[in-house]
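The opening residue of the sequence shown carries number 1240 in my numbering; numbering runs sequentially from there.
To be clear, the hints were calculated from the coordinates, so they are not data collected in a lab. Please read these numbers as outputs of a predicted model, since none were measured by experiment. The C-beta atom is built at its ideal place from N, Cα and C for all residues, glycine as well. Hints may be right or wrong, so weigh each one.
Unchecked claim - Computed cross-link-like contacts, SDA-like style, restricted to lysine to any residue with a CA-CA straight-line distance of at most 20 Å:
# : residue 1 : residue 2
1 : K1412     : I1400
2 : K1320     : N1247
3 : K1352     : A1388
4 : K1412     : T1378
5 : K1303     : T1280
6 : K1446     : I1404
7 : K1303     : N1247
To be verified - Label pairs and their calculated CB-CB ranges:
#  : residue 1 : residue 2 : range
8  : D1423     : E1477     : 58 to 64 Å
9  : N1247     : A1347     : 28 to 34 Å
10 : T1378     : T1453     : 31 to 37 Å
11 : L1462     : D1423     : 37 to 43 Å
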Amino acid sequence: TDTKLTVNNVTEDNIVNEAESKAEVAISGTLTGVPTDSAATKVVVTVDGVEYQATLDGGTWSAKVPGGALLTDSDHTVDVKATFTDAAGNAATLDVSKTYTTDSTPPAVTDAKLTVNNVTEDNIVNEAESKADVAITGTLTGVPADSAATKVVVTVDGTEIEATIDGDTWSAKVPGSALLTDSDLTVDVKATFTDAAGNAASLDASKTYTTDSTPPSVTDAKLTVNNVTDDNVVNQAESQADVAISGTLT
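Take the sequences, apply the hints, and build the full model.
Right, dumping it as structure tokens:
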């Protein structure tokens, strides 16, 4: 009479999504008040007609079940049975169940569009830009109506940087040095749309660019400055007027 068997939600939100349907799902619960004369206690979980023996640990139990079985189970119900057997072989049982729902359809990205602008104004990373942060920007339109969470991630030289989304535009600050050392000189961008059940769909875009961090060679250049005034002495009259400073550049 004091024995109690419970089953937790099948998943965190009790909805089996696409990712969960492709992996093992830990079904768990509690078992308390086990009869004192029970010599053997067993908990069995049944999903889609297949039994899985649970592991008991104190007052809790758990069993790993294929997510695919949860998806195909016709009544979307996890059935759990606890069996208590005494030394003489007499057995008593407790039964409990947990219903759940499924949603394995990710958001549709048919109308979604992801673009990436030039990496810099001329799409060439120069020396100064390679020493500062560079704002990578673009647009994201047609976000699926059922996307509960939308994220844009920019990858440069193997490092992921999450972008800030503002309406239809997105931006991410990327170290210019990473743009300079990126072996394929390509900015990769991924937009991920996740629905309330945790199903995700994504869009990818990329932008190639070039680099030029070598300044002009001044080996043969020569810069000279002429006398500041005719005699290189600034007199009173010259101090009260504009003075033309001149020289040569060859």
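Verification of the supplied hints:
no.: 1; hint: K1412 to I1400; in the structure: holds (8 Å)
no.: 2; hint: K1320 to N1247; in the structure: holds (14 Å)
no.: 3; hint: K1352 to A1388; in the structure: holds (16 Å)
no.: 4; hint: K1412 to T1378; in the structure: holds (15 Å)
no.: 5; hint: K1303 to T1280; in the structure: holds (18 Å)
no.: 6; hint: K1446 to I1404; in the structure: holds (18 Å)
no.: 7; hint: K1303 to N1247; in the structure: holds (13 Å)
no.: 8; hint: D1423 to E1477: 58 to 64 Å; in the structure: holds (60 Å)
no.: 9; hint: N1247 to A1347: 28 to 34 Å; in the structure: holds (32 Å)
no.: 10; hint: T1378 to T1453: 31 to 37 Å; in the structure: holds (33 Å)
no.: 11; hint: L1462 to D1423: 37 to 43 Å; in the structure: holds (40 Å)
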